[in-house]
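Build out the structure end to end from the sequences listed, making use of the hints.
Each chain, written out:
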Amino acid sequence: MGLGFSLVAVLTLVLIALGGVGGANLQYLFGVIIPYAAIATFIVGFTLKVLGWAKVPVPFRIPTTSGQMKSFPWINHDKFDNPDTTGQVVGRMLLEVLLFRSLFRNTKTELRDGPRLAYGSDKWLWLAGLAFHWSFLVIVLRHLRFFFADVPVLVQAIEGLDGFLQVGAPLLYITDVVIISAVTYLFIRRVIIPQVRYISLPADYFPLFLILGIAITGVLMRYFIRIHVVGIKELAMGLVTLKPVVPEGIGVLFYIHMFIVSTLRMYFPFSKLMHMGGVFLSPTRNLANNNRRQRHENPWNYDVKVHTYEAYEDEFREKMKESGLPVEKE
Amino acid sequence: MKLYDGGKIITGLVIFVGLMLSPFILGMAKPGEKPDPKTDTPEIQEMEEKDRKCVEPKEFMRTSHMVFIDSWRDQALRDGDRVYENSEGKEIDISLQNTCMKCHSNKKKFCDECHNYMAVKPYCWDCHIVPEEKEGGV
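Protein sequence lines, in the order shown, are assigned to chains A and B. Position one of the first sequence corresponds to residue 1 (this note's numbering), numbered consecutively onward. Position one of the second sequence corresponds to residue 331 (this note's numbering), numbered consecutively onward.
Hints were generated in silico from the structure; no laboratory data involved. You may find that some hints are simply not true.
What the hints assert, rightly or not - Below, a sample of chain B positions facing chain A; criterion: calculated Cβ distance under 10 Å:
| id | residue |
| --- | --- |
| 1 | Lys-332 |
| 2 | Tyr-334 |
| 3 | Asp-335 |
| 4 | Gly-336 |
| 5 | Val-347 |
| 6 | Phe-354 |
| 7 | Leu-356 |
| 8 | Lys-360 |
| 9 | Pro-361 |
| 10 | Glu-363 |
| 11 | Gln-375 |
| 12 | Arg-392 |
| 13 | Val-397 |
| 14 | Arg-403 |
| 15 | Leu-407 |
| 16 | Tyr-447 |
Ideal placement from N, C-alpha and C gives every residue a C-beta, glycine not left out.
Here it is, written out as structure tokens:
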């Protein structure tokens, strides 16, 4: 249900761009106006979402503690699973963000004959997820060559490494192969594992198809259907210098690619894709486990009017003495 | 509005927004110029006005020359067939150095003009010899 809906939605997007540019010649709309709207929605939406999260109080530390907490010197402290200092938290976050460490622990559960419940390690999700995210990052960085007059050396180096197999012309990029394989795996996994399929919603399939659509149109442009690459850079430079131009003869496939990318950007702040910002704000990851050593005051505590024992004794000292009660201060 | 850990979060957001806007900021500072590949080499100017054409139509060459010379390479080296018949039926010798670069003898002002703009560095010249640079503009 969610699958069909999402597939139709993405195909409709493709047809809209195809009709809009191929049929109605709305190059300016699809090449300039929608991309601008998309980047604005992305940045503003992203910022507001994160600010919204920042308003939520953090009463005390709730890190997931999957290792030994710091205690006596002769008990081994598990620094990254049960961080104790900010430095260790940074280490934990880096491992999480760059290597998806907690996903590495992913397990699968099966009901075997017997009936008997069996658990096993399952690294494929981690591997495909990591391959997908890293390829995506490299691809985004590679695209920066369209947006800078002097392409940064780092971007050129990444591009050189990505194409170092020197297959064909234009050179085959390794990440193009990896991203398509990984996204396809992630999709198939969602469909064929019954439990995963059961919990999959349009919000899961839609971004997957968007990303697959972006990758496929990109691959088509680079290796199969020629487009006017220099014209595309002129368009991109026009966008970033705020002097938009729409060069002739770019090819409709580019506008389809751009339209799906714009859709992804606009959809981003309202979707599960916000885990890009959210991972940095996960209380179970980004807090040191120091509840026992440091007092964390509940931020929504109202001021309690207290009457300490000293003040009590000051007030009633005479009466207490009279009735023979012991007092601390004479 | 009260933010919790606001300092850290705002720092993160500023970095994020800065990265997202960096192409705009740098682009405004240095817009760059679009490439202008010159086809006015002495060899091309010697040709008759009506013959001043590439091996295939300009629009095709512009988008597809990389695939095209790759197929030339395959045809010449794998099939051993060094004559190419173009869409007008004209027979052309297949050679990067002696055909492409004979007309386009201004590599710096032609091939490199686009390639530098796009930051592509074809590795062909690791082996193939770049012709002596000739410029037009007579």
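Numbers of unmet hints, in rising order: 11 and 15
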